[in-house]
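On the provided structure of chain A, position chain B as indicated by the hints.
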Amino acid sequence: MPTTKRDRGSPVPTSSTKPTSDSSSSTKKPLKVKVKSFHGIARWSWGTPADDVCGICQSPFEGCAPGVKFPGDDCPVVWGACKHAYHLACISQWLAGGKNSCPICRADWNFADDS
Amino acid sequence: MASLAATASPIKESTSAATKGGGESVTKRLQQELMGLMMQPSDGVSAFPSEDNMFLWSASLSGPLSTAYTGHTYKLTISFPPDYPYSPPTLKFTTGIWHPNIDLHGNICLDILKEKWSPAYNVRTVLVSLRSLLGEPNNDSPLNVQAAGMWEDQVRFKEIAKNKWEEEMRKEGA
Chain A
1 MPTTKRDRGS
11 PVPTSSTKPT
21 SDSSSSTKKP
31 LKVKVKSFHG
41 IARWSWGTPA
51 DDVCGICQSP
61 FEGCAPGVKF
71 PGDDCPVVWG
81 ACKHAYHLAC
91 ISQWLAGGKN
101 SCPICRADWN
111 FADDS
Chain B
1 MASLAATASP
11 IKESTSAATK
21 GGGESVTKRL
31 QQELMGLMMQ
41 PSDGVSAFPS
51 EDNMFLWSAS
61 LSGPLSTAYT
71 GHTYKLTISF
81 PPDYPYSPPT
91 LKFTTGIWHP
101 NIDLHGNICL
111 DILKEKWSPA
121 YNVRTVLVSL
131 RSLLGEPNND
141 SPLNVQAAGM
151 WEDQVRFKEI
161 AKNKWEEEMR
171 KEGA
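Going down the list, the sequences are from chains A and B.
Note that this note's numbering gives residue 35 to position 35 of the first sequence, counting from 1, and the numbers run on in steps of one.
Note that this note's numbering gives residue 138 to position 138 of the second sequence, counting from 1, and the numbers run on in steps of one.
Looking at chain B on its own, in the form it has when it is part of the complex:
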């Protein structure tokens, strides 16, 4: 690598500069992502920042076709760490859902939000991945063991998922 010596000192400078930029640059990045989502929405997903905090967004996912979740819309919160996108955002379902990889508190077990996170992901790709997780759970690492065990029996699974959804809608209506 011919230019290593020449670039060795700028490495330190620019890294510390980027770290210092912190909150401001993350806010800018999030605004940029928001703009992208508004100009070019993706099928079945949407997200918007809360009124007074750019680091806390509300999102929604519509159940993919031909799944136990078809026709349902689920709400989530997304909270971004101060070093986003170097660390993953935290997503949580606020609408209860019956799913092998989502517990009854809405916590999600998805590798790309944990150890497989990459700073090349963004809000859009995370939501699209999460939406596809609905129809294709990973039953080997369940958070909801009962739901995972029931997955093979799709008739029963769909019935429980539907009941859970209806219960959530009653809660919302109440």
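Isolated chain A (complex conformation):
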């Protein structure tokens, strides 16, 4: 698993963006926080070539598969024994359709041991 420190492109919507006093306040409207600037200190990557895209959804590996909100741990990348990589969400949907082959090389699909 890669480290999951994030920087540009994917500011993490953690609870710190919502004031904790919210629950005790009588108004139901949450306060909004505007991020004016931030300093990235680390960058994560799946170890796929820069700018490479998922062969199924054609979106960058370091971005999201369709229907997934956040990149990173919410949208992991997995490898097959054949060394082809896909977003977990994308290959899962392909396999769920009853197919058991790699979309690129047609080899029987097996998850790589270390993915």
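If you are wondering where the hints come from, they were derived from the structure by calculation, not from laboratory data.
It is possible that some hints are incorrect.
To be verified - Now the stretches of chain B that chain A is said to cover, found in silico as 3 or more residues with beta-carbon under 8 Å:
#: 1; segment: 27-33
#: 2; segment: 110-121
As the list claims (entries may be wrong) - Taking lysine to any residue pairs in the SDA-like style, the calculated list, with each CA pair at most 25 Å apart, reads:
#: 3; chain 1: B; residue 1: Lys162; chain 2: B; residue 2: Glu152
#: 4; chain 1: B; residue 1: Lys171; chain 2: B; residue 2: Tyr121
#: 5; chain 1: B; residue 1: Lys162; chain 2: B; residue 2: Thr94
#: 6; chain 1: A; residue 1: Lys83; chain 2: B; residue 2: Tyr121
#: 7; chain 1: A; residue 1: Lys69; chain 2: B; residue 2: Glu24
#: 8; chain 1: A; residue 1: Lys99; chain 2: B; residue 2: Ser79
#: 9; chain 1: B; residue 1: Lys28; chain 2: B; residue 2: Ser42
#: 10; chain 1: A; residue 1: Lys99; chain 2: B; residue 2: Ser87
For every residue, glycine included, the Cβ atom is placed at its ideal position computed from N, Cα and C.
Below, chain B alone, put in the same frame as chain A:
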């Protein structure tokens, strides 16, 4: 697989999320493909969505060099299923064509559009494959049996293909 246990629960979540995304994400995908085709066209193929329906495209193929179809341009429709690219699009010739794997209604028999479909294909690769099918038919599984039987006799085949093309052009002109 060390991390299987850790990833087991996200599998379900992300799959259902992707399924829910349905129409919207397919539309986005098709727009992305359209952009790619416009920025970097491929030789002899073109495709464009219909005015009011992103799931229905019109495409055209030009006959490859040194084939019975050289100099001809054929029109097709492409319709995309709601779960594209997990299921193949349906392609159909709207210009009549004399070809072993295409019937006289324009239906196409091509394995990658049926059981050999892969979600790694896209509009571009499908059209490029279809264009190469024109010059290299699979005569073992014909939809147009007469055309398949005639393939060996290229002189006659070309003549019929040309006649069919001219008939189609007359229809279009009329």
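Please write out, lowest number first, the hints stated earlier that are contradicted by the structure. 4
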